[in-house]
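Chains as they are written, first to last, in my numbering: chain A, 1 to 269; chain B, 1 to 194.
Don't read these hints as lab results, they were simulated from the structure. As the structure is a prediction and not an experimental result, all values here were calculated from the model. Glycine included, each C-beta is placed from N, C-alpha and C at the ideal position. Keep in mind that a hint or two might mislead.
Cβ pair distances, simulated, as ranges [as the list claims (entries may be wrong)]:
hint, chain 1, residue 1, chain 2, residue 2, range
1, B, Asp27, A, Tyr17, 52 to 62 Å
2, A, Asp48, B, Pro33, 50 to 60 Å
3, B, Pro33, A, Asp154, 40 to 50 Å
4, A, Tyr17, B, Asn173, 49 to 59 Å
5, B, Val52, A, Lys257, 15 to 25 Å
6, A, Tyr47, B, Val52, 28 to 38 Å
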Amino acid sequence: MIEDIELDTFINDVYEYYGFDFGNYSRASLKRRVNRIMQLDGFSSFYDFLSKVKYEADYYKRVVDEITVNVTEMFRDPSFYKVLRNEILPVLATKPFIRIWHAGCSSGEEVYSMAILLNEAGLLHKSILYATDINSKVLETAKKGIFPLRMMKDYSENYRDSGGQEDFSNYYIANYGNAKFSEDLIKKMVFSQHNLVSDTSFNEFDMIFCRNVLIYFDNDLQSRAINLFDQSLSILGFLALGTKETIKYSIGQGKYKQVQKEKLWRKIK
Amino acid sequence: MEKNKVAANCKVLIIGGSAGSLHVLMDILPNLPAIRSFALVIVLHRKHSDDVTLEELLKIKSKTPLKFIEDKMPFEPGFLYVVPSNYHLLFEKNGTLALDSSEKVNYSRPSIDVSFEAAAEIYSSNVIGILLSGSNADGTAGLQAIQKSGGTVVVQNPTSADMPFMPNNAIQNMIPDYILTTEEILKFILLING
Numbered sequence: 001m002i003e004d005i006e007l008d009t010f011i012n013d014v015y016e017y018y019g020f021d022f023g024n025y026s027r028a029s030l031k032r033r034v035n036r037i038m039q040l041d042g043f044s045s046f047y048d049f050l051s052k053v054k055y056e057a058d059y060y061k062r063v064v065d066e067i068t069v070n071v072t073e074m075f076r077d078p079s080f081y082k083v084l085r086n087e088i089l090p091v092l093a094t095k096p097f098i099r100i101w102h103a104g105c106s107s108g109e110e111v112y113s114m115a116i117l118l119n120e121a122g123l124l125h126k127s128i129l130y131a132t133d134i135n136s137k138v139l140e141t142a143k144k145g146i147f148p149l150r151m152m153k154d155y156s157e158n159y160r161d162s163g164g165q166e167d168f169s170n171y172y173i174a175n176y177g178n179a180k181f182s183e184d185l186i187k188k189m190v191f192s193q194h195n196l197v198s199d200t201s202f203n204e205f206d207m208i209f210c211r212n213v214l215i216y217f218d219n220d221l222q223s224r225a226i227n228l229f230d231q232s233l234s235i236l237g238f239l240a241l242g243t244k245e246t247i248k249y250s251i252g253q254g255k256y257k258q259v260q261k262e263k264l265w266r267k268i269k
Numbered sequence: 001m002e003k004n005k006v007a008a009n010c011k012v013l014i015i016g017g018s019a020g021s022l023h024v025l026m027d028i029l030p031n032l033p034a035i036r037s038f039a040l041v042i043v044l045h046r047k048h049s050d051d052v053t054l055e056e057l058l059k060i061k062s063k064t065p066l067k068f069i070e071d072k073m074p075f076e077p078g079f080l081y082v083v084p085s086n087y088h089l090l091f092e093k094n095g096t097l098a099l100d101s102s103e104k105v106n107y108s109r110p111s112i113d114v115s116f117e118a119a120a121e122i123y124s125s126n127v128i129g130i131l132l133s134g135s136n137a138d139g140t141a142g143l144q145a146i147q148k149s150g151g152t153v154v155v156q157n158p159t160s161a162d163m164p165f166m167p168n169n170a171i172q173n174m175i176p177d178y179i180l181t182t183e184e185i186l187k188f189i190l191l192i193n194g
């Protein structure tokens, strides 16, 4: 394990050389990620690692991509998607136009999940899904809509557990170990790079997803991100977080109302 | 066993287990009084699912109140914490808990190694780590980290474990402070609770 002072040096140098600020990331998690990439890339000396980061921009990019966690899945937490399907979509359906933001979308599995739900509710034609991440590499994957075929068994189980009744394989074409998702879904998605640490609001949305992203931030940065979502959410819009995340340390009581027991809140004022 | 020193120092008692360890906990938890002087953390391998059945079960069995873990929640003595399914549990320097949904470690999320190492990092000699039954190598590296930072390491006696692989793996790779049967683990915890 690297020392605290080494982690501070890494944070400072990355900020100084590249302007990227890890200062408000969760320290416990960031330390693990830095240790992990040093191990993956065979560094035993922290200072060898640090100078490669500082002097090789390509390597720096790899480090940021590896540090930012990109674990996701389709219909992750099926009970959440069930509530979405049964309680939230009927509300969104009353809108003439539905704008959705997936913040920290990673490789896009949850964006495709939502597009499938909207499609089945007959709402996809009037929806647009903005999907952003800090990591340009995962956005490329997300844009293509190509995911490993071996994951489809789990995903179709999640889909069914979330109340899906179609044949899940209708949504993709299987080819050489890959599942390519339908263009009908992809054409309603807009992908772009966005940094929750430093970028501002860029539109007003009816629903914002940011699931299992805030856990990598400290309390201050969580508050910043949640206030950014608040500014970007229309009145009566919905905010969805990961199953163990909360807004309670970040925003005043009474402004949001929780939907059932899910990590789903409605902005009421 | 000179447990007085261990007892006075304990801030975190962290128990890791896999296959065959749930009933060990079921034998231990109901026989413990409400613990006040340290926090009790349980990291159990479990089937991927988003439910809270395990938490509910342990909550019923434990006199120490259970707190359902949420990210960045304060970590306090006198409570039982059960690591949620599909997350790794980490500890922050400022006394809060942090969750992490990154890659599995030892095919597991939660991973015992991850939480043991994180506890050792923050609470060093104030950690007692107990590794129970299981058929996976998870936990050994974590116990080594706890020992290295001055904490105390307990391994379930493999002869009393349903799945001896996990405790055996630890014993083959390090020298635990104690190797105890289920009954002895209970006595040990009662003793450190004073």
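Cross-check of the supplied hints:
| no. | hint | verdict |
| --- | --- | --- |
| 1 | B:Asp27 / A:Tyr17: 52 to 62 Å | holds (55 Å) |
| 2 | A:Asp48 / B:Pro33: 50 to 60 Å | holds (52 Å) |
| 3 | B:Pro33 / A:Asp154: 40 to 50 Å | holds (42 Å) |
| 4 | A:Tyr17 / B:Asn173: 49 to 59 Å | violated (40 Å) |
| 5 | B:Val52 / A:Lys257: 15 to 25 Å | holds (22 Å) |
| 6 | A:Tyr47 / B:Val52: 28 to 38 Å | violated (45 Å) |
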